Amino acid sequence: MKYNWFVAFMIVFLSVGLQAQDFQGKAVYQSKTQVNFDFGNRNIPEDRKKDMMARIKRANEKTFVLNFDKTASIYKEEEKLEQPGERGGGRGPRFGAMAGIDGDLYKNIQEQRYLIKNELLGKIFLIDDELEALEWKMGSESKKIGNYTAFKATATKTIKRPNMSAIFRRPGRGEEHKEEEKKEEEFTIKEVEIVAWYTPEIPINQGPGLYWGLPGLILAVNDDITTIVCSEITMNPSEKIEIKAPTKGKKVTQAEYDEISQEKMKEMRENFRNRGGRDGGRAN
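Sequence positions in the sequence shown follow mature numbering (1 follows the signal peptide of the UniProt record, and there is no 0) and run -20 to -1, 1 to 264.
Simulated from the structure, these hints should not be mistaken for laboratory data.
All of these numbers come straight from a predicted model, not from anything done at the bench.
Not one of these hints is a red herring.
Each computed DSS-like pair below joins lysine-lysine, with the alpha-carbon atoms no more than 25 Å apart:
no., residue 1, residue 2
1, Lys170, Lys246
2, Lys140, Lys37
3, Lys12, Lys124
4, Lys56, Lys37
5, Lys140, Lys244
All chains should be built: construct the whole structure from the sequences, respecting the hints.
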């Protein structure tokens, strides 16, 4: 009960202060995704496997920047410099909950809509859809994240991820293998518990990726394999931030984009298997 009164007081107190000014902010997030890649029946040297796993790991360690104001935000990946001796900047398959966000993500909390500009195999798409409202359960547990006091909240979310192991599995021989391969899905769908940490000291309903809806900026969020943590916050930067929704690309809903993406994944799987898996599991 004391916790509820404290949070309510902080929200009201800080909201009054922030509403008195046209405030903006910038939050930097570090994202890491645990990856378990099944090499199946491919005869790949151990040093080659280690190199592939290192590239996949680097491809799933990212830095994102969230620029926000009272009602809207832009969330985008910060480009990495290519390391010496690294081809293609270490790109590889992305397994996390944020895997579908390769371009600018615009969220408008007031309108409860989002726009994502994604490139899929050379074609630009503009995903335009409603924000999903998670049923957050507020907890009393708190901890410090940087200079801010953050409180815990949890919710259940259905997450759809590409099954890269199935796509790049080397085709087996015989009818038995063919039947097993037909059962493999290009995507896996599961319900996971989302654990978020938000701070009432910045009383806006924003957060990294498509996460939102808590009485304070979400500083950290974790699903079953991906962890995103805020490493830096700048309030009211000296240079004004322009928060504009992306406009380029073929406009589709999230469901339409998922269907197109799934068809492309099937094409990749068929093309790979028609070549007999000669790429040795190359995933970039």
